[in-house]
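Colleague: Sequence:
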Amino acid sequence: MKIATWNINGVKARIDNLLHWLGEASPDIACLQEIKSVDEQFPREAVEALGYHVETHGQKGFNGVALLSKLRFDEVNRGLPGDDGDEQARFIEGVFSTNRGALRVVSLYLPNGNPVDSEKFPYKLGWMKRLELWSAARLKLEEPLVLAGDYNVIPEPEDARHPEAWVGDALFRPESRQAFRRLKGLGLTDALRAVNGDDGVYTFWDYQGGAWQKNNGIRIDHLMLSPEAADHLVSVAVDKHTRAWEKPSDHVPVVLELDLEQS
DNA sequence: ATGGTTGCTTTGCAA
411 MKIATWNING VKARIDNLLH WLGEASPDIA CLQEIKSVDE QFPREAVEAL
461 GYHVETHGQK GFNGVALLSK LRFDEVNRGL PGDDGDEQAR FIEGVFSTNR
511 GALRVVSLYL PNGNPVDSEK FPYKLGWMKR LELWSAARLK LEEPLVLAGD
561 YNVIPEPEDA RHPEAWVGDA LFRPESRQAF RRLKGLGLTD ALRAVNGDDG
611 VYTFWDYQGG AWQKNNGIRI DHLMLSPEAA DHLVSVAVDK HTRAWEKPSD
661 HVPVVLELDL EQS
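Quick note on this note's numbering: the first sequence kicks off at 411 and runs consecutively.
Derived by calculation from the structure, the hints in this document are not laboratory data. None of the values given here were measured: they were computed from a predicted structure. Each residue gets a CB set at the ideal place from its N, CA and C atoms; glycine is no exception. It cannot be assumed that every hint is accurate.
[What the hints assert, rightly or not] Cβ-Cβ distance ranges computed for the label pairs, FRET-style: (1) 673 to 497: 19 to 29 Å; (2) 511 to 435: 24 to 34 Å; (3) 423 to 489: 30 to 40 Å; (4) 566 to 461: 35 to 45 Å; (5) 672 to 547: 23 to 33 Å; (6) 596 to 526: 41 to 51 Å.
With the hints as constraints, model all of the structure from the sequences given.
Modeller: Here is the structure:
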């Protein structure tokens, strides 16, 4: 079972890249972020033609997440609980049937949080607290759970080519990193870190300043696994080559393989 | 070096 996450930075601008990547990577479940589209305008027919079921949680202009799955959805839940006033589309959960029972997969787009002296930073930290509470409740189910997405958090200095340039940024502020550590402390495994160690693997390179050419990257796209999912961890790969494509997203896909089968 | 790039809500905003 291959489960991937990719911030595609606009599904309408990226549809050719998305279809090409789905064809070559063939994930069983793909978690997309920043579709920047309302549900009605998501190019679902083109994706369905490749054998995927499509569930979206979109909004006009920005944010928006989606789940694409070769498996039938048993259940879909939109929105992160804990704040009825939160209108931003950043969270969608799908439930699937496997040979080991229910598998839960979340596509999440955590708030960026910049600038830190605006209301955006407390919104980010509040969102992370809600994610922690939600995760703690889900972990009690003792099921395979994959929390995949753009966390907008650089967990450690090793996750940036130039960590000194990120000091003070919402992605690297102590409060953001602490909240990420609290999430891990619940018992979640950072899959890419577990497989690769601290060896400078990145998932995002800014469009500006020749960041890609200089490998000035950061690792902010993460797949967090419950113990029941981590027990089945086979491999994690970063599809770095997509960053060199025409009209690339500034993020690249991360692909997780679990020793689970659909049923 | 107060810049640089991309996508959408477009001549501003969010990333």
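Colleague: If a hint holds in the structure, say so; if it doesn't, say that too.
Modeller: Hint by hint, here is what the structure shows:
The supplied range of 19 to 29 Å is broken by residue 673 and residue 497, whose beta-carbon atoms lie about 37 Å from each other. Between residue 511 and residue 435, the C-beta spacing of about 26 Å keeps the proposed range 24 to 34 Å intact. For the hinted restraint 30 to 40 Å between residue 423 and residue 489, the CB-CB distance of approximately 25 Å leaves it violated. A C-beta distance of roughly 38 Å is found between residue 566 and residue 461, which places it inside the suggested range of 35 to 45 Å.
A hinted range of 23 to 33 Å holds for the C-beta pair residue 672 and residue 547, which are about 25 Å apart. The hinted window of 41 to 51 Å between residue 596 and residue 526 is violated, with their beta carbons roughly 25 Å apart.
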